[in-house]
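Got chain A; can you put chain B on it based on the hints?
Chains as they are written, first to last, in this note's numbering: chain A, 1 to 390; chain B, 391 to 720.
Don't read these hints as lab results, they were simulated from the structure.
These numbers come from a predicted model, not from an experiment.
Incorrect hints may appear among the rest.
[Stated by the list, open to error] Quick partial rundown of chain B residues pointing at chain A, CB under 10 angstroms, derived from the structure: (1) 405; (2) 448; (3) 450; (4) 544; (5) 546; (6) 666; (7) 699.
Glycine included, C-beta positions come from ideal geometry on N, C-alpha and C.
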Amino acid sequence: MAPSPAEERIDRSGRRQALPVGSVDPVAKWDVDFRRSCYTVWFSDRASVCTASLQRGPVVAVVPFGRGGSQLVTVGTVPLEEPVAVSRGAVEQFGRRFRRDRVGLVAAGFLVLLVALAVVGAPIVAGLTGHDPTYQLPGGLDNNGLPLPPLSRELDAAGNPNPDGVFLLLGTDRLGRDVLVRLLYGARISLLVAFTATGVALLIGVPLGLAAGYFGGRLDMIVSRAIETAMAFPAILFAAGLAAVIGPGLVNVIVVIALFSWYYPARMVRSAVVSLKHQQFVEAAVSVGANDRRIMLRHLLPQLTAPIIVYATGIIANNVLFEAGLSFLGLGVPPPAPSWGQMLADGVSGGLYRVVPFVAVVPGIALMLTTLAFNQLGDALRDAFATRGR
Amino acid sequence: MLRFTIRRLGIGVLQVLMVTFLAFFLFYVISSVTGADPAQRVAGKAATPEQVARVSHLLGTDRPWYEQYWNFLAGIIHGDFGFSFLQRIPVSQIIFPAAGVTTALVVGAAILWLLIAIPVGLIGALRPRSAADRISAVIVQILISAPVFWVAPMLAYLFAYQPSQGLFLGIHIPHITFFPILGYVHPEKSVAGWINSLMLPCLALSLGFAAFYARFIRAFVLEQLDEDYVLVARAKGASTGRILRSHVGPIVAPAIVTLLALDVGATLGGALFVEVTFALPGLGFIAFNTIQNLDYPLTVGVITFAALMAVLANTFADIIQAALDPRVRA
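Bound-form chain A, shown alone (with noise of 0.2 angstroms):
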């Protein structure tokens, strides 16, 4: 991007906008990085490039200065009322990049399909069956005590198809439930538990690396133990046996599942203020008279904004699975309360998926298919937020 006079800036469109500017050294030229999320300042009569944080406010940039040293100046000031041009440009751009991804929209249309299917469309779906998740249909078991496959009709007395009776889409389970309505209601508990327990998790692990990160000290070294630590926990056994003791339900659960993914952002956030607190719209920002707590919350978060959120996908595909995990043992969710999980284990356990595979194979593909959805949606942010990530 060319330098652009201290007077101006660009707005969402990419036009240049004129600015009011209260430079100290006019002579300098600054420009919006969005990459970076800094200005750029460069400086006509000492031929230097700077770069200075994207604040309202003044624009400070630490200029080379004689030999080895440094010296501030203010360049030009964003007025408080003016919206910050990165927000804007950013997103603009992430918009763009995102919207080319096609594997990125598809994973994003199954997801917020998905969301709407769980949440308004599981009641409606029993509606319309007329059942809800935990009836058991009297029809639903054929002569045998089998479920019924997908696409079929509830039985009548005899055992033979009721053109009257219900039509299941997926099948019904072992006590002859109606599969499609169990799922449905099934993705409010594995999408409810994923997405609190990684919010908890971000919660406990972004705090905790970001301090660690930013004051090092003694607070580091304690919290990197404590990542290390955590690290080299059975995580699944140790859940497992956690949620043994303190028992069965949701916000167990949900504790369980946070306890064993908070450190994986602490660390990722962790090493990269490690990184970015030695750059210079750090110290910039020093200069200026910022305390620590600003400088963590208003110079360096937004900074990890895109790569806490790209992490937390990819936790989210993690804990759909380590949720459905625990269910899978019998330590998520209490029945009849349907979940992934456990309507998986409902078919593996007594080995009835080997008469009728379809009990294993349906909640089977729901737990893979949104879990590759978080994974692919994780991957498009990636790339839409030109972060680097794993």
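Just chain B, lined up with the frame of chain A:
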């Protein structure tokens, strides 16, 4: 190097201590708060309070928690993980045979996933965006997202149960049983049977890892192939095979070894889902069966053992890394 090794080992010991402490704390202390009393469980529902108190005294659960923890730690140093509440035999007598089963499973799976991942990753890296690369990328993405507790029963159905019925993918085939559906054959009984009983579980465990490793190898090798040293080697007339073997390999291999050490270490603590699905009496299977019985010494023993394996692998990987790369030692 010696200083680094000592420091790293010290950290490893600290980590194991932390894990055992938390495991102990969790199962002994929280359970007493939530009212899940192992003595009650052992004594049975009909036991009088006096009987429960006596059982509690015998198990040692009436002592203060720090005393119990101290006894537990002192025991571990002697290789004694305590006494199972329910099976009434030393925990080590249960854990060590189970660890053997898990080790066989994990090592077999690791060999398998490397055998799959290395060729797939290299093909992807050498011919990026080719048909083979695209197809393998799709399969990799699917396998990364497929939960192992789903892959395992599906494999069992396709390759063990259906063939035993004379079917494969619904097509009639000659009646040959390739693999047992579940169960474990001890190598002392029959080595062929042992290998046969482990093949499907190893495959089930390896597929997810294979996909992950293939993606990792592809990305890493692709990045290296862009480097100048590869260009120089090409200019000097080195063949692709030679470039991979003599130039790229030595750079990529340590990273894979590190990753491998971590993953094998983490799975040695019990490949829970695979073991449960195929009824292999490994650590995960034992843990699964004991966790709900509140058999704490056994549960804590398995967790401690698993953590020990993970930390050992972690420490080992770091030391290897430091030996190969002096920059890490700082």
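Okay, the hints, checked on the actual structure:
{"no.": "1", "hint": "405", "result": "5 angstroms, holds"}
{"no.": "2", "hint": "448", "result": "22 angstroms, violated"}
{"no.": "3", "hint": "450", "result": "19 angstroms, violated"}
{"no.": "4", "hint": "544", "result": "7 angstroms, holds"}
{"no.": "5", "hint": "546", "result": "8 angstroms, holds"}
{"no.": "6", "hint": "666", "result": "8 angstroms, holds"}
{"no.": "7", "hint": "699", "result": "8 angstroms, holds"}
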